[in-house]
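Protein sequences, first through last, are from chains A and B.
By the numbering used here, the letter at position 62 of the first sequence is numbered 62, and the numbering carries on one by one without gaps.
Each number in the numbering used here comes from the position in the second sequence (counting from 1) with 251 added on.
Simulated from the structure, these hints should not be mistaken for laboratory data.
Residues from chain A shown here face chain B by an in silico Cβ test under 8 Å; the list is partial: (1) MET48; (2) ASP50; (3) THR72; (4) ARG77; (5) LEU82; (6) VAL88; (7) ILE90; (8) PRO91; (9) GLU97; (10) THR101; (11) SER102; (12) GLN106; (13) HIS154; (14) LEU158.
Short derived list, chain B residues pointing at chain A, Cβ under 7 Å: (15) ASN431; (16) LEU432; (17) PHE434; (18) TYR435; (19) SER438; (20) LYS439; (21) ALA442; (22) GLY453; (23) PHE454; (24) LYS456; (25) SER457.
Calculated cross-link-like contacts (lysine-lysine; reagent style BS3-like; alpha-carbon spacing at most 27 Å): (26) B:LYS462 / A:LYS118; (27) A:LYS51 / B:LYS451; (28) A:LYS10 / B:LYS443.
Heads up, the beta-carbon is just placed ideally off N, CA and C, and yes, glycines get one too.
Chain by chain, the residues:
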Amino acid sequence: MLQIKNLTVKVFDKIIIEDFNLEIKEGEIHALMGQNGAGKSTIAKVLMRDKNYEVVSGTITLNGEDLLRMNTTEVARNGAFLVSQNPVEIPGVSNAEMLRTSLNDQGKNELNILEFNKKLTRLCEKLEIPTSFIHRDINYNMSGGEKKKNELLHMWMLTPSFLILDEIDSGLDVDALKLVGNSIQEYITNYHPMVLIITHQKTLLDIVKPDRVHILNHKQITQSGDASLAEKIFKEGFSGASIIDRRDIDA
Amino acid sequence: MHKIKVEQKSLNVKEEELYITDFLEDLELEVSGTVYCAIQNFHNQSIKILLEENSHLTIEFLLDLENTKNKITIENQENSKLDMHYACTYKGTNELVIENVITTSHNENKIQVRAVENDGTLTILATGEIQENTKENTYLEDIKAITTHENSIKIMPDLKVATNSVLANHNATIGPIEENLLFYLESKGLAKESATSLIKEGFLKSNLQEKMLKFIGGERDES
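Bound-form chain B, shown alone (with noise of 0.2 Å):
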């Protein structure tokens, strides 16, 4: 496993799996060939993600948001693939900016999101433009949210479509823990608390790919 810690503004990467622990300013991410990316630390900064025409990039994020503001920014070049999995938990003020413009054809990108409330307030403003000229592209954004109370968070989708060659999908749910998995886990001699922690865990980690998890687990046991 690869890890790094990012100090430079910007990063090359060609046919690599990245670890980031940490990166230090803004990062302008440019992917070429096939790359997976995990990232563990993000934290009021903004990451571009450049994709390179017939790249395919899987990135990942488990964050633990504290009074943040994260913004990511997707540009695709011709014939590229994206694969984001989001993944965290917020707490105090935190907001999340998702900005994806595409300008060309036969793209394919899928965003997912995916948050649990831990006492705080997240406003997530996802921006999908799908560009008129633009051809045979895939646009799909996917949130989903545990809360306990509705206004803790803010779900803000902002999709515009100018062609009619696109296959464009929004989705978001938001709701507390469902009761009968609760039941589910209690009926197995669970305490609630053991029960409502797990069910958390298992909504954020069954959002990333058994690699993110390793890593993950190697820095809880690291630190």
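Pulled out of the complex, with its shape left as it was, chain A reads as follows (with noise of 0.2 Å):
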């Protein structure tokens, strides 16, 4: 379970995120939705440790242990995953590289080289990449949808138990966007993972049901609902969704 609790952020000395609350518990769905510079990628940044952004006040913890003592490769080993909007690429370090290194690292690798490359094989075809991403360097010279798939590829190797998808939907066309939200479905059927989806496509969310859906307004949440909120944005906006009394959602 994932709870955050009165969390206040500030990056460059400005307060971006304030007095925030959030909770998702085990194998729960949570959509996260907010105008454009609202903070909603800096609760993604935090909850991975990023350095650059400092949390001034609250709490988070992450199945019972406190997330805000750990770095970013603690949160990982936690079984956090973030996908961001455009991931880094890292020339001369191949996925496979990387991937048999955070698996050794993790004490998880049990499988041989060839049983390890024929999982990538069979992944690879799932998400219609070709199996030379295997040994591709990281994102490095990718198309946006073939970074997203790339990241998916992570995602199945490294069986993460908490995802945080940072508008993984943005910059995919239609068919990508499918296989992307499809892949995500089938991963949360298989592996039943808290997932956090920050977003404002439809689409996504269409395939990747929602339990919660949350608004991110004013540093912090003020409204949530089960998915019909998400529809409510999506139909009136955020203008015309925000008069809408967060009790009536609730209830």
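Please assemble the complex out of the two chains, which come individually in their own frames, going by the hints.
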């Protein structure tokens, strides 16, 4: 379970998030929505313990452990996995090298090299990416869609228990979006992770149905509800939906 | 893969792929046609590269420097081409001198250096001179280094251009490992040490061709 209580975050001396609260139970899917610049990605970065984001006050616990006492590696080893809007490119470091190193570092590499490559090959086919991706440099010279599929390749290999998907749907064409959405849904069905989806788009939430939807506005969550809140946002926009009283939604 | 240990002072190569594991003395490499050359060991020595007319040399180095002084001199005859990829780690006190005086026309020289500090210092003196009465030459020099402190590397570019008919460029970038790359790998569960080591290796490898990596990999497996 993830519990964020009264979280205040600043970046370069500017408060971005203030008195933010969120709770995600085992196996739940939550969507975080909000206008550009509302601070949605800040939440993702804070959860992964990016050093550029300073927690001023509040607490975060992940499966009962104090997340704010962990570094990025420890958060990842506690099951968190972030796909950011624009994953970085790492020249000279292949997907296979990174994945083997990660699994080895965590003592989770139970496959020999042949089995490992076979698994990657099967996943590439499933994600409709060439098997050459296995030995390609991480995200290097890949299109936006290829980068997102590449990140899913990592997800399937590392089997995280908490997905943080920060606008994974941005820059994807219709077919790629369906494939990415279906792959995430299949992963959820197989592994039942906690999921935090940060998105602006309807299509992903049509495929991966959220249990709860939250609106981030003025540095904190101003409204929460079920999937129908997302529908309302898509129809009326944030300004239209903001007139709805939070208690009505929760009821 | 044709691996050789060079024992003579000069070598004439034509339309070949060469994998040099060692050379015993300073070496003069005379190139005609299209040649690929990979060099693994290069310690306190010099290489003089003579590019004959219409030749094209791709030369790659992957070195662990330790208290080493290297010198590479390049001479071009008309219409020749050089792609040089020099990748190294450095420990102790090291010096690399690259000299390229261009006296002919229609040449294209690209020199890329990638260096990773491994507790030491490296001084790079890169001299490029494009003399007058030459035309349509290209001279590109690109040096990048990953360091933990600024003083560990000194790059001294010395680019002299005496003609208007040339494209000449020098670029140098020095800095620590990019934080966002470390964050990315750590967010995949890698320990900081593993992430650092992968990024440094990748930085060097990305400057080299696949065949160089196979050569080096094979050498390491055999040793």
